[in-house]
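Could you put the whole structure together from the sequences, leaning on the hints where they help?
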Amino acid sequence: MSLKLKALLKSPWVFHLSTGSCNNCDIETLDCLTPRFDIERFGMLLAGSIKHADVLLVTGSCNRMSVERLKTLWEQVPKPCLVVAIGTCAGSRGLFIDSYNCPHPLDSIIPVNVYIPGCPPKPEAIMAGVVQLIQKVGGA
Amino acid sequence: MTREDVLADIRGRFGADIVELFDKSPKRVYVEIRPQAIVRIGTHLFRTLGARFNIASGTDMKDWIEILYHFTIEDLNLLISLRVRLDPGHPEIDSLARDIEALNWIERELTELLGITFTGHPDPRRLLLADNWPEGVYPLRRDYVEWDGTADRTRGV
Numbered sequence: 001m002s003l004k005l006k007a008l009l010k011s012p013w014v015f016h017l018s019t020g021s022c023n024n025c026d027i028e029t030l031d032c033l034t035p036r037f038d039i040e041r042f043g044m045l046l047a048g049s050i051k052h053a054d055v056l057l058v059t060g061s062c063n064r065m066s067v068e069r070l071k072t073l074w075e076q077v078p079k080p081c082l083v084v085a086i087g088t089c090a091g092s093r094g095l096f097i098d099s100y101n102c103p104h105p106l107d108s109i110i111p112v113n114v115y116i117p118g119c120p121p122k123p124e125a126i127m128a129g130v131v132q133l134i135q136k137v138g139g140a
Numbered sequence: 001m002t003r004e005d006v007l008a009d010i011r012g013r014f015g016a017d018i019v020e021l022f023d024k025s026p027k028r029v030y031v032e033i034r035p036q037a038i039v040r041i042g043t044h045l046f047r048t049l050g051a052r053f054n055i056a057s058g059t060d061m062k063d064w065i066e067i068l069y070h071f072t073i074e075d076l077n078l079l080i081s082l083r084v085r086l087d088p089g090h091p092e093i094d095s096l097a098r099d100i101e102a103l104n105w106i107e108r109e110l111t112e113l114l115g116i117t118f119t120g121h122p123d124p125r126r127l128l129l130a131d132n133w134p135e136g137v138y139p140l141r142r143d144y145v146e147w148d149g150t151a152d153r154t155r156g157v
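First to last, the protein sequences are chains A and B.
Just so you know, we're using the working numbering here: the first sequence kicks off at 1 and counts up by one.
Just so you know, we're using the working numbering here: the second sequence kicks off at 1 and counts up by one.
It should be emphasised that the hints constitute simulated quantities derived from the structure, not laboratory data.
Honestly, I wouldn't trust all of these hints.
Unchecked claim - The following label-pair restraints were derived from C-beta to C-beta distances:
| hint | chain 1 | residue 1 | chain 2 | residue 2 | range |
| --- | --- | --- | --- | --- | --- |
| 1 | B | R13 | A | R36 | 57 to 67 Å |
| 2 | A | G43 | B | L128 | 33 to 43 Å |
| 3 | A | F37 | B | W64 | 45 to 55 Å |
| 4 | A | R36 | B | D99 | 16 to 26 Å |
| 5 | B | W105 | A | L95 | 21 to 31 Å |
| 6 | B | W64 | A | A125 | 18 to 28 Å |
| 7 | A | E68 | B | R11 | 47 to 57 Å |
Values in this document were obtained by computation on a predicted structure and should not be read as measured data.
A virtual CB, placed ideally from N, CA and C, is assigned to each residue, including glycine.
Structure (structure tokens):
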């Protein structure tokens, strides 16, 4: 594992991006940051700018308008960057698979490291997903 | 003004323009009107009867295109839905957005998604669809077919 990635996993800063979700996944993601679940104890911090982020949390089904913004953000994020698809929509577009406005799944636009299914996934599931991500890329 | 007064007022003033007045329930009245009268009846409800404009909704009903303009009179707990039927070949109606500002965006949305022309709309720019969406393709019409050859409709698993 590269030194960069090892350093990144000690304290991954997450950036939260909604690509046209119904906001449920976003609420559950923000729930992870509250004192009750408190992902800061794993060193995770919500980054205010994409340029400070190590992990990209993506929710929503990638509609035509937000895909352009997603690509712009992916160009700006410092690599290595890990991508977590939160919710059924980000994973497989859910019931919006035939929507005129959602032509491509998230993982055909940017590489995805972990999928967290659920509509919406519970904060526990999101945290389990992030722990899996850290284990997968070889962190502690 | 009571509920009966309001309905009598609408009937009295616009009797020639009303196709059908369907009194569904104590809270809900559907008034089907001729499309030419929408500005007169809509502004009368809004300005004189003190109704609040909620939203407009459009549907492709196969043989016609329907718009429902939902107005609420909150003091009476009454929802009045003005229904117009438009020709699906050339759906065209006068814009209410000049008189009621709240209709500005919903008329733009109806234009994009159902292809309804609102004559005299003050700001007929594109609102929701992506910039590369082709002209003349309306996604909520029944005859919509996918135009994007690159679209992937598989689950990918």
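Here is what the structure says about each hint:
Range check, B/R13 to A/R36: about 59 Å between beta-carbon atoms, so the 57 to 67 Å window is met. Between A/G43 and B/L128 the beta carbons are some 40 Å apart, a value that agrees with the proposed interval 33 to 43 Å. Range check, A/F37 to B/W64: Cβ separation about 52 Å, and the 45 to 55 Å hint holds. The hinted range of 16 to 26 Å is not satisfied by A/R36 and B/D99, whose Cβ atoms lie roughly 50 Å apart.
Remark: the range hint 21 to 31 Å for B/W105 to A/L95 is upheld by a beta-carbon distance near 26 Å. For B/W64 paired with A/A125, a C-beta distance near 47 Å fails the hint of 18 to 28 Å. About 51 Å separates the C-beta atoms of A/E68 and B/R11, a value consistent with the hinted range of 47 to 57 Å.
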